[in-house]
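2 protein chains.
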Amino acid sequence: MKNIAVLGSTGSIGRQTLDVIRQSDEEQFSVFALCADSNAELLAEQANEFKPSVVSIAHANKYQELKDRLNYSPDIVVGNNAANLCGGHEKVDLVVNAVSGVAGFKAVSLALYKGKIIASANKESIIYLHSLRNALESGTSPMITANDSLRIIPIDSEQSAIFQLIEGDPENNSIFDRSSIENIILTASGGPFYNTPIEDMKHITVNDALKHPTWSMGKKITIDSATLFNKGLEILEAAALFGLGADKIEVVIHPQSVVHSMVRFVDGNVKALLSVPDMRGAIQYALTYPKRRKRIIDRLDFSNLNLSFLAPDYKKFPALCLAYEALREGRVLPVVYTAANEKAVEMFVNGQTGFLDIAKRVEYAMGKSYCNKISPDAIIEIDKLARAYAAEWKG
Amino acid sequence: MKNIAVLGSTGSIGRQTLDVIRQSDEEQFSVFALCADSNAELLAEQANEFKPSVVSIAHANKYQELKDRLNYSPDIVVGNNAANLCGGHEKVDLVVNAVSGVAGFKAVSLALYKGKIIASANKESIIYLHSLRNALESGTSPMITANDSLRIIPIDSEQSAIFQLIEGDPENNSIFDRSSIENIILTASGGPFYNTPIEDMKHITVNDALKHPTWSMGKKITIDSATLFNKGLEILEAAALFGLGADKIEVVIHPQSVVHSMVRFVDGNVKALLSVPDMRGAIQYALTYPKRRKRIIDRLDFSNLNLSFLAPDYKKFPALCLAYEALREGRVLPVVYTAANEKAVEMFVNGQTGFLDIAKRVEYAMGKSYCNKISPDAIIEIDKLARAYAAEWKG
Chain A
1 MKNIAVLGST GSIGRQTLDV IRQSDEEQFS VFALCADSNA ELLAEQANEF KPSVVSIAHA
61 NKYQELKDRL NYSPDIVVGN NAANLCGGHE KVDLVVNAVS GVAGFKAVSL ALYKGKIIAS
121 ANKESIIYLH SLRNALESGT SPMITANDSL RIIPIDSEQS AIFQLIEGDP ENNSIFDRSS
181 IENIILTASG GPFYNTPIED MKHITVNDAL KHPTWSMGKK ITIDSATLFN KGLEILEAAA
241 LFGLGADKIE VVIHPQSVVH SMVRFVDGNV KALLSVPDMR GAIQYALTYP KRRKRIIDRL
301 DFSNLNLSFL APDYKKFPAL CLAYEALREG RVLPVVYTAA NEKAVEMFVN GQTGFLDIAK
361 RVEYAMGKSY CNKISPDAII EIDKLARAYA AEWKG
Chain B
1 MKNIAVLGST GSIGRQTLDV IRQSDEEQFS VFALCADSNA ELLAEQANEF KPSVVSIAHA
61 NKYQELKDRL NYSPDIVVGN NAANLCGGHE KVDLVVNAVS GVAGFKAVSL ALYKGKIIAS
121 ANKESIIYLH SLRNALESGT SPMITANDSL RIIPIDSEQS AIFQLIEGDP ENNSIFDRSS
181 IENIILTASG GPFYNTPIED MKHITVNDAL KHPTWSMGKK ITIDSATLFN KGLEILEAAA
241 LFGLGADKIE VVIHPQSVVH SMVRFVDGNV KALLSVPDMR GAIQYALTYP KRRKRIIDRL
301 DFSNLNLSFL APDYKKFPAL CLAYEALREG RVLPVVYTAA NEKAVEMFVN GQTGFLDIAK
361 RVEYAMGKSY CNKISPDAII EIDKLARAYA AEWKG
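Chains as they are written, first to last, in this note's numbering: chain A, 1 to 395; chain B, 1 to 395.
FYI, nobody ran anything at the bench for these hints, they're computed from the structure.
Note that this is a predicted model, so its numbers are computed, not measured.
Watch out, some of these pointers could steer you wrong.
The list makes no distinction among identical chains, and a pair is therefore deemed to hold if it is satisfied within one copy or across any two copies.
Stated by the list, open to error - Calculated pairs, BS3-like style, for lysine-lysine (alpha carbon to alpha carbon, straight line, at most 30 angstroms):
no.: 1; residue 1: 248; residue 2: 291
no.: 2; residue 1: 294; residue 2: 248
no.: 3; residue 1: 51; residue 2: 248
no.: 4; residue 1: 373; residue 2: 211
no.: 5; residue 1: 211; residue 2: 91
no.: 6; residue 1: 114; residue 2: 368
no.: 7; residue 1: 248; residue 2: 315
no.: 8; residue 1: 219; residue 2: 106
Can you build the whole structure from these sequences, using the hints too?
This is how it looks when you write it as structure tokens:
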């Protein structure tokens, strides 16, 4: 029985995580803590179903609503540090980091420090932690290793695919020997505007961008998927998780989202991971690892399936080139890329900037100078500064 | 340095094996023996290049031609047992079984007995050995296991794909634990007649059938590829190699031959192995296993790739249903299926029977009674009898 804390339980990944647990055998998982930002109504509903010992909400003004809606009496934790406390609780075995954006960073840092295993759907925290590690330790060591230090299992379908393709028995170190790997190939759906002419892209509105073809996701990640910043963040995340340089990560457009990613070996063989596009597959894998459990997603049907692959259009989607540039620097720029994009997306969603300006704001922020001494506090400073620069860009 | 004996060196797989060795670093392989059936000219040319210590030819009347064409003085072995002697030689580490058809069975039996590792492109010997094992031991144990008894590495691209997808470190037994596997999916190009209406198929000639779309292969396997008996044999071979029942083996038509096969896991994830369609990829993997070496095949390019998958047409291609039927019986019928098909293909190539009659001859032979006590000698008897029944069918 694994005791699970779900950070961000009311978001898209959080809800799907609970659905995976709902459909699993009862003796597999126990939900110990549910943590949300502000959606007291859904959080209470989830808590009443799963009866976690701890329920937390970041927005203190939602405390009373939450308490009123609960039909039992768990510990209720309130405020900005609530998720940290839940993730680090001594009774928790596995923390699902389903928080959106950079907010996931602090909670995960603490949970890792406390020795928890993290099932992570949050790219930003992985990128920040790796920038920190790159500054403190060696630059290319993977965050996922196969020995006792395996503490992060990716939930992102692409990273989960890579993980599944190169993982073996977790007790067997040698499987993580990457000398046989030429590169990894991250697949990208291309988003809703892949075929939109570049001259029409500047008119894209928030509503246009919130229609994503294959996955059901939150707002931030849906915009990122349309700009391909999502794939840029995954480039940085994969580099962190698997200890890969920019020359080891390829991106391929694959509109059907059936092949979740691939590993290319030095001898010309390529391994691919496929399933129906349903995030619950990767979530279940992260929760049940190192075992595989009975399918809760649909069976992939090959009786009439077409899969296509295309080279990315780097001109239309500068997010990719900027990510490679950030990765080559490896310390400050991955943080700047991540934070500046988060700010620019926020501005786009609020109608304060155009679709194509998101990348321009990130590029502008990446061109600025930042403190070179990296520490946990410095990362938070760089993050703030990058957001400020992203906001200040005038075109 | 691996000392290699190539049985069937002048055939398609044999020639490609030597090309792999030619393109590998010199210190990796030494060709100890080359064995051919009757092509003295090519055999001598190969021997003069690779300078094996032993050269053997089955047809005794080719001895003088072979000797005259050699520009050095290896041991020359002649006759039906020549390949057996080469494969079993004490100096040989790895035997490449590139013999076509049932002829490969005896040589491999001896080489296995002598403790050699077999890189096998010969389905028939695997099927016969497994029928024998099924009779002597338990019915479903795999011929490939991950401990010291790993003695067979498949060269067939489909079996190599499955092997690569489920293998891990060869010292790690647990990777061969198949409880997480729902089934395997063998891909089939469909052959040149996949879209031919069934009423036109009876007019297919030998020349029509010898045009295969993607792979360069020998005559027998090309006809098998057009009838889908090749896939039927692979069903039986996969069952033998990996210890799988009929309900664990799925066949999917995939005309591009880029996905070589797949493994479907219980949780809905599917792993696929891809490369450009070039047999030398699987040959190299078998020779260098457990390491992967530098690519000698073309790089798979995803910048403009389309892959399609279809359900097989079991009515047009009865070879598949007959294979499942043979597998369910598991002892005599796999041998009958294999031998009767070999005879029927021989008759088709000689203009003695029609294309669609190949399957009818096999079905007829499978309906007959055979001795139930299986031994090495009995298998040879069943093989002969099945060929006789296949020949006797009148329609």
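Quiz item: Taking 30 angstroms as the upper bound on the Cα-Cα distance, should residue 51 and residue 248 be classified as within, between, both, or neither?
Solution: Neither way: residue 51 and residue 248 sit 45 angstroms apart in one copy and 40 angstroms across, limit 30 angstroms.
Self-check item: Status of residue 211 relative to residue 373 across identical chains (alpha carbons, at most 30 angstroms)
Solution: For residue 373 and residue 211, the Cα distance exceeds 30 angstroms both inside one copy (41 angstroms) and across copies (66 angstroms).
Quiz item: Between residue 211 and residue 91, at a C-alpha cutoff of 30 angstroms, which is it: within one copy, between copies, both, or neither?
Solution: neither (40 angstroms within a copy, 66 angstroms between copies)
Exercise. Give the relationship of residue 219 and residue 106 under a CA distance limit of 30 angstroms: within one copy only, between copies only, both, or neither.
Key: within (22 angstroms within a copy, 65 angstroms between copies)
Exercise. Classify it for me, residue 248 with residue 291: is the Cα-Cα distance of at most 30 angstroms met within a copy, between copies, both or neither?
Key: both (28 angstroms within a copy, 20 angstroms between copies)
Self-check item: Within, between, both or neither, where residue 294 and residue 248 count as close if Cα-Cα is 30 angstroms or less
Solution: Between copies, since 16 angstroms is at most 30 angstroms while 33 angstroms is not.
Quiz prompt | Identical-chain pair category, residue 114 with residue 368, by Cα at 30 angstroms | solution = Answer is neither: 35 angstroms inside a copy and 69 angstroms across each miss the 30 angstroms cutoff.
Quiz prompt | Intra- versus inter-copy proximity for residue 315 and residue 248 (alpha-carbon distance at most 30 angstroms) | solution = within (21 angstroms within a copy, 46 angstroms between copies)
Hints 3, 4, 5, 6, counting from the list given before, are not met by this structure.
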